[in-house]
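Start from the sequences, fold in the hints, and give me the full structure.
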Amino acid sequence: MLSLLAWIGRSTLQQLSGMGRMFLFLISAFAWAFRPPARIRLIVHHVRSIGVDSLSVVLLSGVFTGMVMGLQGYYSLRKFNAESFLGSAVALGLLRELGPVLSAFMVTGRTGSAMAAEIGSMKVTEQIDALYSMAINPIQYLVSPRIIAGLICMPLLTAIFDVVGIYGAYVIGVGLLGVSSGSYFAGMESSVVFQDVWSGLLKSISFGLIITWVCCYKGFTAPPMATGVGQATTESVVLCFVLILVWDYFMTSVML
Amino acid sequence: MIKVVNLHKTFGNQGVLKGIHLELETGKITTIIGGSGSGKTVLLKHLNALLLPDRGSVLIDGKDITKLGERELNEVRQKFGVLFQGAALLDSMTIYDNVAFPLRKKTKMTENEIQERAEERLEQVGLTGMGYKYPAEVSGGMKKRAGLARALVMQPEIVLFDEPTTGLDPLLGKSIHNLIGKMHATFGFTGVIVSHDIPEVFQISDRVAMLANGIIEEVGTTKEFLASKNPVVRQFLQGDAEGPLAVL
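Protein chains in written order, with the numbering used here: chain A, 879 to 1134; chain U, 857 to 1104.
Hints listed in this document are in silico derivations from the structure and should not be mistaken for laboratory results.
Keep in mind it's a predicted model, so treat the numbers as computed, not measured.
Check the hints yourself; a few may be wrong.
Straight-line alpha carbon distances no greater than 20 Å define the calculated SDA-like cross-link-like pairs of lysine to any residue that follow [claimed, not checked]: (1) 964/U / 1014/A; (2) 962/U / 1015/A; (3) 961/U / 1016/A; (4) 961/U / 1017/A; (5) 961/U / 915/A; (6) 961/U / 916/A; (7) 962/U / 1017/A; (8) 961/U / 911/A; (9) 962/U / 1016/A; (10) 961/U / 922/A; (11) 964/U / 1019/A; (12) 935/U / 1016/A; (13) 923/U / 1015/A; (14) 964/U / 916/A; (15) 957/A / 1058/A; (16) 962/U / 917/A; (17) 964/U / 914/A; (18) 935/U / 1014/A; (19) 964/U / 918/A; (20) 961/U / 913/A; (21) 961/U / 918/A; (22) 961/U / 1007/A; (23) 961/U / 910/A; (24) 961/U / 912/A; (25) 962/U / 914/A; (26) 961/U / 1010/A; (27) 919/U / 1010/A; (28) 961/U / 1014/A; (29) 962/U / 918/A; (30) 962/U / 1019/A; (31) 935/U / 1010/A; (32) 964/U / 915/A; (33) 962/U / 916/A; (34) 962/U / 1010/A.
Structural data, given as structure tokens:
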């Protein structure tokens, strides 16, 4: 019994200290972000790798998510003779929840995992030690620009996801299933308010922070062994998915 | 002068360094030898505070670097060049950019001056015309030479070499040793080499220290070291499985 309690205590302390280290890492990344020299070129580089390189997967997943919503929404609403509400149902679902969450999942899978693998590989091959030895702070050089780029890219990708999703549902609902184009957009116009848009974008900014923070941290703390990079990558993706869903619930409950 | 005083380092339950005392003379090359896993690299990484000790101090020109803040530590680190075991070139950059990197980040040199200095170093290590390649596109020996060019590009006072010939064939290993000797003659840095490549490494060493069981067992000039009667040193030099050093 005592050994069980000791194990629970030890595990709890380990988890708490791990969380503490993660938060200190984030604070350090923010502190370094505001210290000169400004790494504009690096930020632009990471905007390209997070934003531009994720664009195709976000577009593809956005359009198919919209198409599925168009199909499902239409058959659900038809039971209540409310097909004309398809546009507002799709728009509200995408803007508030599915847009930010699914685009964050796509970016985690496409870029976050690569981020953890790249930094993890740099850790294992002593490239991070090399930066320290050249008096270059690796958090300022590797982490802060990625976090800033994540904060910039995620709302933009989410906005793109929302738009292509709405048009994906339009193609199915209006083009295939015969909902009138006017009622599709009129329903959307009457039900969507600005708060729906900015709450989704606010979520996406916080998801951008979660993805870059978690993936950089996991890469940075990758165990220095052959399996370390793989382990860091897997852990970063799983933790990002969980944190995105948990944080999404809290943000939704506050902003509703 | 680098002075290591009563250095202790433990990882988990394993004590790696158990009270290291060592003085490294300015302008000389000191080689630290010892068995695999004896803590040579751990000791080397304490010299420029890549690792911090549990106890003890590392004095560089009388200043204890284990107690310094980030800013002061960075000033001290700029005195160092480091050649890592796997060269640790930044693999997102070409070899030329790797060599130019410290100059771009830490000096106010113009791009022309940087180019001149970086190409000079690449020429000195025999990599003229190879700067456009990425680290993944060159051999292990070329990576080490590029790492050496990067380590020397800021004209450091102290250069640390972590097993510079590991993973190379004997001929390539010898060429790296010769290159280190040549660069030392040119730049006159204080060198610290971690190696178990004996006796080849002795040709370029002024002094040798042996690390075993977490302490410095023996230190002296290369000649004194080779003549040592310390049974631990004799066993290591002769490669005997039997003796005071536990092999397995």
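Tested hints:
For the hint pairing residue 964/U with residue 1014/A, the CA-to-CA distance comes to about 15 Å; that is within 20 Å, so the pair holds. For a cut-off of 20 Å, the pair hint linking residue 962/U to residue 1015/A stands: about 12 Å separates their Cα positions. Restraint check for residue 961/U and residue 1016/A: satisfied, since their Cα atoms lie roughly 12 Å apart, inside the 20 Å limit. Proximity of residue 961/U to residue 1017/A is assessed by CA-CA distance (about 15 Å); at most 20 Å being required, the pair is judged to hold.
Restraint check: the Cα-Cα separation between residue 961/U and residue 915/A comes to about 9 Å, which is no more than 20 Å; the hinted pair holds. Restraint check for residue 961/U and residue 916/A: satisfied, since their Cα atoms lie roughly 12 Å apart, inside the 20 Å limit. Between residue 962/U and residue 1017/A the alpha-carbon distance is near 16 Å, which keeps this suggested pair within the 20 Å criterion. At roughly 16 Å between alpha-carbon atoms, residue 961/U and residue 911/A fall within 20 Å of each other, so this suggested pair holds.
Pair hint residue 962/U plus residue 1016/A holds up; C-alpha atoms about 14 Å apart against a cutoff of 20 Å. Of the pairs offered as hints, the one joining residue 961/U and residue 922/A holds, with about 18 Å between alpha carbons and a cut-off of 20 Å not exceeded. Our distance criterion of 20 Å between C-alpha atoms is met by residue 964/U and residue 1019/A, whose separation comes to about 18 Å. The straight-line distance between the Cα atoms of residue 935/U and residue 1016/A is roughly 19 Å, inside the 20 Å bound, and the hint therefore holds.
For a cut-off of 20 Å, the pair hint linking residue 923/U to residue 1015/A stands: about 18 Å separates their Cα positions. Taking the CA atoms of residue 964/U and residue 916/A, the gap is near 15 Å; set against the 20 Å cutoff, the hint holds. Using a Cα cut-off of 20 Å, the hinted pair residue 957/A and residue 1058/A holds, with the two alpha carbons roughly 17 Å apart. Note on residue 962/U and residue 917/A: the hinted pairing holds, with a Cα-Cα distance of about 14 Å set against a maximum of 20 Å.
Restraint check for residue 964/U and residue 914/A: satisfied, since their Cα atoms lie roughly 15 Å apart, inside the 20 Å limit. Restraint check: the Cα-Cα separation between residue 935/U and residue 1014/A comes to about 13 Å, which is no more than 20 Å; the hinted pair holds. Note on residue 964/U and residue 918/A: the hinted pairing holds, with a Cα-Cα distance of about 18 Å set against a maximum of 20 Å. Straight-line distance between C-alpha atoms of residue 961/U and residue 913/A comes to about 14 Å, which keeps the hinted pair within the 20 Å bound.
Using a Cα cut-off of 20 Å, the hinted pair residue 961/U and residue 918/A holds, with the two alpha carbons roughly 14 Å apart. For the hint pairing residue 961/U with residue 1007/A, the CA-to-CA distance comes to about 16 Å; that is within 20 Å, so the pair holds. For the suggested pair residue 961/U and residue 910/A, the alpha carbons sit about 15 Å apart, so the restraint of at most 20 Å is met. Of the pairs offered as hints, the one joining residue 961/U and residue 912/A holds, with about 17 Å between alpha carbons and a cut-off of 20 Å not exceeded.
A distance of roughly 13 Å separates the Cα atoms of residue 962/U and residue 914/A; the hinted pair therefore holds under the 20 Å criterion. Note on residue 961/U and residue 1010/A: the hinted pairing holds, with a Cα-Cα distance of about 12 Å set against a maximum of 20 Å. Distance hint between residue 919/U and residue 1010/A is fulfilled; the C-alpha atoms sit about 19 Å from each other, no more than 20 Å. The hinted pair formed by residue 961/U and residue 1014/A meets the criterion: a straight-line CA distance of about 8 Å does not exceed 20 Å.
The straight-line distance between the Cα atoms of residue 962/U and residue 918/A is roughly 17 Å, inside the 20 Å bound, and the hint therefore holds. Taking the CA atoms of residue 962/U and residue 1019/A, the gap is near 13 Å; set against the 20 Å cutoff, the hint holds. A C-alpha spacing of about 13 Å is found between residue 935/U and residue 1010/A, which places the hinted pair at or below 20 Å, so the restraint holds. A distance of roughly 13 Å separates the Cα atoms of residue 964/U and residue 915/A; the hinted pair therefore holds under the 20 Å criterion.
Between residue 962/U and residue 916/A, the direct Cα distance comes to roughly 14 Å. Compliance with the 20 Å bound is thereby established for this hinted pair. This hinted pair checks out: residue 962/U and residue 1010/A have alpha carbons roughly 12 Å apart, not beyond 20 Å.
In this structure, every one of the numbered hints holds.
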